[in-house]
Every structure is written in structure tokens, then in C-alpha cells.
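Peer 1: Please model the complete structure; the sequences and the hints are all you need to start from.
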Amino acid sequence: MENNNEQRESVTPTKNNLSVPIAIVIAGALIAGAVYLSASKTALSPTAGNNQAAGRELQQGNTVSLDQMAPITNKDHIRSNPDAPVKIVEYSDFECPFCKRFHSTMQQVIEEYDGKVAWVYRHFPLDQLHPVKARAEAVAAECAGELGGNDAFWKYSDRFFELTPSNNQTDIDTVLPQIAREIGLDVSKFNSCLASGKYDKHVQDDLDNATATGGNGTPWSIVVAANGKKYPLSGAQPYASVKQLIELALLEK
Amino acid sequence: MFIQALQKVFRKPQYIFLASIASVSVFVFAVWLPNLSLIVAVMGHSGVSFSQKLDLPISLLGSIVTNFTLLSALYTIAIAIFFGINLAMMVYFLRRKTEEARHGGFSVGFLGLLSGFFGMGCAACGSLLLGSGLSLVGASGVLALLPLAGGEFGILGVMLLGTSLYLTAKQIQNPAVCKIDA
Chain A
187 MENNNEQRES VTPTKNNLSV PIAIVIAGAL IAGAVYLSAS KTALSPTAGN
237 NQAAGRELQQ GNTVSLDQMA PITNKDHIRS NPDAPVKIVE YSDFECPFCK
287 RFHSTMQQVI EEYDGKVAWV YRHFPLDQLH PVKARAEAVA AECAGELGGN
337 DAFWKYSDRF FELTPSNNQT DIDTVLPQIA REIGLDVSKF NSCLASGKYD
387 KHVQDDLDNA TATGGNGTPW SIVVAANGKK YPLSGAQPYA SVKQLIELAL
437 LEK
Chain B
19 MFIQALQKVF RKPQYIFLAS IASVSVFVFA VWLPNLSLIV AVMGHSGVSF
69 SQKLDLPISL LGSIVTNFTL LSALYTIAIA IFFGINLAMM VYFLRRKTEE
119 ARHGGFSVGF LGLLSGFFGM GCAACGSLLL GSGLSLVGAS GVLALLPLAG
169 GEFGILGVML LGTSLYLTAK QIQNPAVCKI DA
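From first to last, the protein sequence lines are chains A and B.
Heads up, the first sequence is in the numbering used here, so the first residue is 187 and it goes up one at a time.
Heads up, the second sequence is in the numbering used here, so the first residue is 19 and it goes up one at a time.
Check before you lean on any hint, since a few could be wrong.
Said to hold, decoys possible - Each computed DSS-like pair below joins lysine-lysine, with the alpha-carbon atoms no more than 30 Å apart:
id, chain 1, residue 1, chain 2, residue 2
1, B, K71, A, K429
2, A, K302, A, K439
3, B, K71, A, K439
4, B, K71, A, K302
Stated by the list, open to error - Ranges of calculated distance between the beta carbons of each label pair, as one might list FRET restraints:
id, chain 1, residue 1, chain 2, residue 2, range
5, B, V58, A, G335, 35 to 43 Å
6, B, S43, A, N336, 25 to 33 Å
7, A, S378, B, G65, 49 to 57 Å
8, A, P257, B, I57, 24 to 32 Å
9, B, V58, A, D394, 37 to 45 Å
10, B, L54, A, N413, 52 to 60 Å
Unchecked claim - Output of the computed footprint for chain B on chain A, the stretches with three or more beta carbons under 8 Å from beta carbons of chain B:
id, stretch
11, 407 to 420
12, 427 to 435
Keep in mind the hints are simulated off the structure, nothing from the lab.
Note that this is a predicted model, so its numbers are computed, not measured.
Yeah, the Cβ is synthetic: ideal placement off N, Cα and C, and Gly gets one too.
Peer 2: Right, here's the structure in full:
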């Protein structure tokens, strides 16, 4: 009986249908192209030894690369030991739920690797997903830093992620001054700073630098080893993955 | 009809194996996608032991919990499973030299997978694949117009793969034959 069925099934129709190979080729090409686009943007950074060659290539081709990362300076917001052998530069969006999650992961990292890992916070507000609010919140964190120093910047950021639900649900007119008050800042000065627009360019520079290094979503992080080698980490990856990368970076002398 | 077709295909262990391998591959690829360049670099790193090389990609699988919303995790898993089943059923058909693709089942399946990949990229803030592609044409703002910020592509992928499964199952139960005009 089954043989009869298989005989019937094996009758080959003569119509030559090209839809299958065309669909496969188009799908394959699109997936490969998309993967290539996203992967090629984040070419791994060379070590300090061949940075010059990479720099020349960047100037000629303007390729997106981790080497485009702005140098870490004392103008950055750095948590833990600024001279730590491993630094994690995080480009983050205050309205992104994955950044909120990754903020806790990074707090855990700093607790466990106190002195060995420094956390550098930079802004990457995604206007397409979080118009107006993400930028305003980034500016607010900078104003907190101006009025209360580095500690106030981190207190503000910690409290913001703790308090707010992400995805544009925060009433920034109420919540931003409220957090400023909670952490002991002068609210009138804070509001003046917010209205001044003085940190708009700084936030934009951070954003531009995030995209120049290959970031196309948040959180976007770059783990920097003592010898300058850089590893990209995209998304809110689990603590175990961040730990693996840190251990790897600690091996680089 | 659908269940009967599944029984027909998966009573042979090799098709279960094929579907499992395909599903796991799609799932792993989707979860690793944002960090493929990192994985490649770590795998090629000469100063790292083999076990250390394996630790990172294995730990990255945990991002299905940390880097996906509940919705995006669900449709990513659904797409992986549907694709595995689809592939096994297609191979079953191809081995019987029938013209299954005439009715579009195969094409719909691949379109579903493609759409699903765009949706997977949208899991994190700022679509990975969709964002990359759209930014080339300056249209990344379209994400803001979508209520699920790109998750729609994942749902569309599940629907297309489901349609493909249905079409394939239908053909398995009603194979192409030369009909005799009455």
C-alpha cells in the first residue's frame, strides 16, 4: 500500500517552478547581507602594536571600528578605580529596558571586581525609539554630575534606573527634579542646567561615538584590556558572559 | 490532516534528528547574532584555552533571558521550532521527488525565516538587522511607527512559517498526482 503511495508521489510534474531556488537565494542573500552589515561594523580592535595601520585604514575608508572609541579621560564618568586594568565603556539609553537590566549587571561587576574593572558611562539615546525623553534624561545625568560631581552622576543614574519603568513611561518634568532633590542637589540650579542646553552637544558627541564604534542598539559596551585590545559586547548580556570577557581581558598584558 | 502529516514524517527518527538540529541551529544563531564578531574573535584567540573559548558562547545563550522581552523570546523559540519542523517536512517531500514548491510552501517558509530574523534583531533596543538595513536608506525612524518597535517582523515570521507548515502538511496528505480528466 505504502509502495503504491510512494509510486504516486514520485510522479514528477513537468512544470519547471523557479520559486523555490529564487526564494532561497533571496532569503540567503538578505540574511547574509544583514549579518555582514552588522558584523563588519564591529571589527575587533587591534592591539596597541598595530593601531597605526588600523588608523590609516580608518582615515582612508572611514570604516566603523572599535578604534574610533573616544579616549577615556577624566571628563568621563568613571566608577571604581580609574586606573583599573580593565575598563568597560558602556553606551546607554536611560529609556531602554535592556540598559536598565544591564545597569544591575554592571553594578554586580563593580562589586565583584572592585579595583580591577572600571565602568565608564556614555550616552546613546535612541531617538527613533525614545524621542525627546532619552536625551533629556542624559542631559539631566550630566547636570547632576556638574552640580554634585562624579558621585552625584552615578547616584542619579542608579536612582533613575531603579525608579523608572523604561520605554517612554516616565514623566520627566516631575521625575528628573524629584531625583535631583532626593540625592541632595539644588533643584533650581538643576532645572536651570536642564533648560540651558549646555550638555546637548556632549550627549550628541557620545551618541556619534557610539555609532562610530559600531553600536547599533543599546546597551553597547566595549571592554578595554590593559594593552588596549578592545572587545565589543552588544546587548544586555548575562553576568556570566561579562565575567568571561573580563577574565579574558585580564589575561591581556 | 496536520497531525497525520506530522506523524507520517516524524515516525522516522532521522527526521526528528534533522528537525532538532535545524531548530537548535536557528535558535543559537538568533541568540548569538548580536555578538557574532566577538565569538569569532574569542574562538580565534591564541592565548585562550579551549574550555575558555567555549565558556563565552555558552554563557551568551543566557541572553535569551536578559536580552529579549518575553514576546521576542517566545517568537524566537517558535520560529526556531517551526523552521526545524518545516525543513524536515520539506526534506521528506524532496526525497519523494514531488513538486511541493509549486504551491509555495517552501517559499513561504523561507520568507517566514527571513522575517523572523528581522524580528529577532529587533529584540534589543535599536533593531540589530532592521536598524542596520534601514539606516542605509535613512529610514530607521520607521521603527518608531511600529507599536512593537520591530517585533512585528518576528510575529510575521511565526505566521509565515505556520502557513508554510500548513501548506506542506496539506501536500503531504494530498501529494501531487497526475489527475485523469473525467
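Peer 1: For each hint, tell me whether it holds in the structure or not.
Peer 2: Here's how the hints hold up against the structure:
no., hint, verdict
1, K71/B - K429/A, "holds, 13 Å"
2, K302/A - K439/A, "holds, 13 Å"
3, K71/B - K439/A, "holds, 18 Å"
4, K71/B - K302/A, "holds, 22 Å"
5, V58/B - G335/A: 35 to 43 Å, "holds, 41 Å"
6, S43/B - N336/A: 25 to 33 Å, "violated, 46 Å"
7, S378/A - G65/B: 49 to 57 Å, "holds, 52 Å"
8, P257/A - I57/B: 24 to 32 Å, "holds, 27 Å"
9, V58/B - D394/A: 37 to 45 Å, "violated, 27 Å"
10, L54/B - N413/A: 52 to 60 Å, "violated, 24 Å"
11, 407 to 420, "holds (count 4)"
12, 427 to 435, "holds (count 6)"
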